[in-house]
Structures are given as structure tokens and as C-alpha cells.
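Chains A and B supply the protein sequences, listed in that same order.
Numbering-wise (the working numbering), the first sequence opens with residue 1 and increments by one.
Numbering-wise (the working numbering), the second sequence opens with residue 1 and increments by one.
Mixed in with the good hints there might be a few duds.
Residues of chain A clear of chain B, computed beta-carbon distances all greater than 12 Å [to be verified]:
hint : residue
1    : Val34
2    : Asp67
3    : Pro91
4    : Glu411
5    : Asp457
6    : Gly580
A short, non-exhaustive set of chain A residues, derived as facing chain B with CB atoms under 8 Å [said to hold, decoys possible]:
hint : residue
7    : Arg134
8    : Ser324
9    : Glu429
10   : Asp433
No lab work stands behind these hints: they were computed from the structure.
Yeah, the Cβ is synthetic: ideal placement off N, Cα and C, and Gly gets one too.
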Amino acid sequence: MKDEREIHLQGISLSKGIALGIPYFLPVIQEDDVPEFSIAKGDIDNEIARYRNALLFSRKDLETLQDHLILEGSSEAVTIIDTHIQMLEDPIITSQVEEKIRESNQNTESVFTSIITEYKRRFSKDTDPIFRQRFADVTDVTQRVLGHLIPERKTNMVHIPENSIIFSQEISPSDTAAAQVDYVMGIVTEVGGSTSHAALIAKAKGIPFVTGIEISKIQEYQNCFIIVDGFKGKLIINPRPETLAEYKKIIKKLITQEKRLEKESKLCAKTIDGEKVHVLANVGSAADLDMLMKYGAGGIGLVRTEYFLLQNRNFLLSEKLQYSMYKRCIEKAAGLPVVIRIFDLGGDKFPDLVYYKEKEVNPFLGCRGIRFLLKNQEILKIQFRAILRAAVHGDVQILLPLISDVREVLETKKILENVKKEMIAEEVEIREDIPIGCMMEVPSAVLTCDILAKECDFFSIGTNDLVQYTLAVDRANPAVHNLHDPFHPSMLRMIQMLVHESKVHNKKLSVCGEVAYKPLFIPLLLGLGILHFSCPPRYISLVKKIVRKCSLQETSQDAKEALQLSTSQQIYEFIRKKYGKVFPEEF
Amino acid sequence: MKLVKKIKIRNELGLHARPAALIVKILQPTKSMVNFTYRNETINARSIMSVLMLAAQRNTLITVTVEGDDAEYTLSLLEKAFENKFGEDCCER
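Using the sequences provided together with the hints, build the complete structure.
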């Protein structure tokens, strides 16, 4: 008789979210179940060819998988699959396998399995759990190769029915990577760690994942409805109507939140007197990219390329990884402009890369931004190559960080031209007419913007650093933290100067710092003549909302008055009195 | 040219999958022969499985032997990677 009671099982959450569905049990593969037989001397070359083919096909699988993962934005998963490719092509294992096939006259699959088993034996000897977790990766790769040697062994994540909750003793990283989010609603396993590659991949893909559940207990419920609560690490079998209603409410709430945002984001940003303002997104992760369209970004105003290093250090030196990431940004922007800022390293960002030889006493005044790149031109060249290639797919612009002198712009442009020449000679398809812009974050750059304007195509104000360098205030230093104030008269004057010069030289000017989404600062910026904003995706609707409540005529009058005031307190009070009432709900 | 140097493992988790993969990747364009010696075991550093087998832990020393025309360059790449803890501990902002 079928049990209809509601059953709660507590496990451990490895990836958040709520999933509703029907169990799907992954077939169990017997690892040791490999045919073993002798081969004729004349067949040895054939046997080795079979092995090499299996490696080749496995590599193709993994590369296809990586392409999908890149599209999904799971760069974490891409790196993990990279280690699988290296395991697959490990020179020691491949030569051992080939040698042993020749010596023992045994078939490939048995030789391969025995060599891997020996490695695994040595792995399991190791007590460190971190190393033992790699066991799962080795098994994963081995199964893939065996799947190509013995075709009937292959598991296939492709033919899983819709609304499935995957149940398995353990799940391999590559199976998790291959799970299609439209079909696989959730994953439940008996064994798995929060640092396991499978867990990291599930998180990256947004699939709820609960572990620590005894799978054999579930077998009898295979036709039951199941809820996976990835927030609480819980499994609910046969939910009562009230429980189901409760979870449907949670899901509905998650969906409404999304929808409200989507609706608001479609409204455009025009001032009361009809001036169109551009609000673009700052992007520093794959997750930001996914939010672009949802929040109605008018393009990407700033790709913080150095942030991609957080997810994957290989990014720095891999043209391939960079190319696919930039291409993804461009595709997400769907024809809208994409401003790629080249690596802004140093200061507080990745100091280890910069201070390799000598620790700097004052890194913020040291080898930062463009200075670091000009000293490490191999890094710069790889990045330029990747950008030039990706740029054929859309409207791309390059932004240079921490410019303080026109010579830096000239030198960087020279390197870019050389890279272009090189690539043209290699017959690589690139885009040649890419606009180059300068970050305006150092006072010397602002004061010489007329000189810089002759050598570049646009400016972008980085307010945080500009405040820090203009007011000589380290914003991470609590003793002077309150002096880090964008309302300072010097800032208004600098912005006024930049607006004036960029009009004279017909250059686009945008603001991409924190002030771009400070409610009270927005009327000031508008009034000073800034019509291009770039901010984190989640602030886009806020900025647009404020813009819609301002009139350009009025704000420019306000800006004129603000410029006459002598302290930041006076400026702040002046603006607060006027606009604190206009959009009170934003505070 | 043959260079031998003891290098300290500074990253928290030791030579696990990601550092091992990074080492293999760094070595790909180089030509020298590269061996790691750890607890009396010497392995070929171009083999990810062999590097993983060492299960070398944090704060231990491994002996790196590099032999070939680009030995100096190869060693400098490795030193930098170890020094940077394979990009692990420094990622928080």
C-alpha cells in the first residue's frame, strides 16, 4: 500500500533555492565491471588507437560542456572541467597505459582501469579530505573515458524528463555541469561536500542541492511528489496541500519580486523636461550580467575585468577565457555599448600580483592600474587580443584605468596598434576601430583633460578614487573616513571642468563611481551636465526613478548655486532641503 | 642549465586540484624538465595526477628541480605562482 503521509527529511544544503518535482534515480555504475581479455599482437596498435580515440572524444565532450557553461556564465565550473581535461591528458598516465597495453597484450579498458585503480588506491591512503575529494574528479574522468570505450556504459544527463529531482548516491561534477536547468529542478545525494566540485557547479547554475539524505530510503517513493528546500537543507515527500501551498507562496514571492523589477526597469530615464539620460550597468561578475536586461540597463558602462580574477586566476593569462567572457558580455548587452576597462590591479585589488618583487609602502600611490599594465605588457597584450577578437560581435569600447599623464595613453595606444598588426598578420578576425577612453580619477588627468581629449575618445569619472586623490583621503582609514566627501566644492568644480572640456572637444563623458547611485548626488550631476551614468545593476531602477523626478533646467540652476557655496556641508544641506522632499522614499 | 630550489607552499589547502592544474598550465609553454620532490618522492610536475599524489600540505617545502634551456624562466614562473598562493588567499576585498 502506498504511503501518503508527509515526510520530512533533514539534510545539508549545498545550493539554495526551492524545487518541486518527481524523483529521477541516476543509474548506478559498477566501476569494477570492466571486461578483461587478451589481444593478439597484431591488434596492439589498434587497441592503442582505441584508447587515443576515447581520449579525443572525451576531450571533445568536455570542451562542448565548457562552451555551454561559458554561455551559462558558470566560470567556476569551466575551471573545474579544465582540471578534468588535464587529468584526461596527463602525460604519465597516457604513457603508462600505452606501455602496458604493449607489454601485457591486454585490452585497453582493463589496462586503463587497473592503472586508475592504482592511483585511486594511493589517493584514498591520503587522510586529508581535500585531497580525497579529488577522488570524485578522477572517477568522473575515468567513467567518461570508459564510456567511450564501452558505449553501453554511458550515463546520459540529456534524457532526463522534465520536473525531475535527481537522486543519486553521489553526483559527478560533469553530470552536474551537464544537467539542463529546464529539466533538472533539484539534486539530492547521500554523499557530497560543500567544497565538492559538484556543489560549486550546482550553485553556479542555481540548482537547489541537498545532501546527507539516505537514498535507499527514497526508492519506495519514486512516484511521489517531492519538495527540495535548498534554503533549509530539507526534503519533503508527499507534501500536504497546506505545505505545498506554503512553498508555492514562497516561489510566487520570489517570482513577484523579479517581475516588479522587470516592470520598473522598462520605464526609460527622461527628465521632466524631456532630456534623455543613459543609465548603464557596472559589471563585475557573471551574476551581474544575468541581471542586465532584468534591470533595464542601457548597456554596460563598465566591465571591471579584474573582478573576473576573483573567480578564476587563469583569467589573467588566458586569451581564450577572456575572449569568451567578453563575448558573453557583448551578447548580453544585445547591441548596446559595452565599455571594457582593462585590468585595474594594484592599490587594494590583488596586491599580491603587483607587489611580487617589493611590497609597496603606499600602494595607492604606487604601481596601480595602467602603470602596472605598462610594466607587465604580456598581461596587457593578452587582454587586448581577447578584446579585439570579442569586439567583432558588438559595440565595444576600451577604458584605461588610473590615467595621470598623456604619455600613458600614447604608450598604451602604441601597444594596442602593435597587437592589432600582429593579429592582422595572423589573419585573426578583429575589430580595428575601437574607441579608447580614460578614467578620470586622478586630479592631474582632470586638469589636463584638454590634452587627453586629443588622444582619446571618451572620459569616465571614477568618483571614489577622484575624491580620494583630490582630498588626500584614504577612505579605508577610519581616522579620516568622514573627510571622504563627494559633495566637496573641489569635486563639483572638477566635474564642471570635465563637462566643459568634453563639450568643447566633443567627447562623451560618464560617471561610473558610487555617486552615480547616491540619490542626492544625482540632481547635482544632472545639473552639472552629466547625462551618462553607470552603476551596479540593482541600482539602475533607482537612478532612473530619480532622473524622472528631476528637470534639467532646474537642476542646472541648482548646480550653479551649489558651485557658489564654500563647504561640502553647505552643498549637502542645500541639495537635501530641495530634493529630500522630492524623493523621500529613497532615504 | 639545472636549477634546484626549495619552495614553501603557502596557500591554505596545499597542492590540491586547482593549484596542480595551474602548475601544469603554467608549464605548458615551457620546455625544461620539471620535477617536484616531496617527502622522498620525486615526480614529474607536468602530470597533474602526480602532483596531486604528493598531497603536499601548507607550510611544507617542496624541492623544485628544473633542467633545460629555459630553466631560469620556468623556475621564475613557478616561484611567482607559489608566492601568489595560486591566487587563493588574497581574493577577499
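Hints and how they fare:
no., hint, verdict
1, Val34, "holds, 19 Å"
2, Asp67, "holds, 19 Å"
3, Pro91, "violated, 6 Å"
4, Glu411, "holds, 24 Å"
5, Asp457, "holds, 30 Å"
6, Gly580, "holds, 32 Å"
7, Arg134, "holds, 5 Å"
8, Ser324, "violated, 16 Å"
9, Glu429, "violated, 24 Å"
10, Asp433, "violated, 32 Å"
Hint check: violations occur at hints 3, 8, 9, 10; the rest are consistent with the structure.
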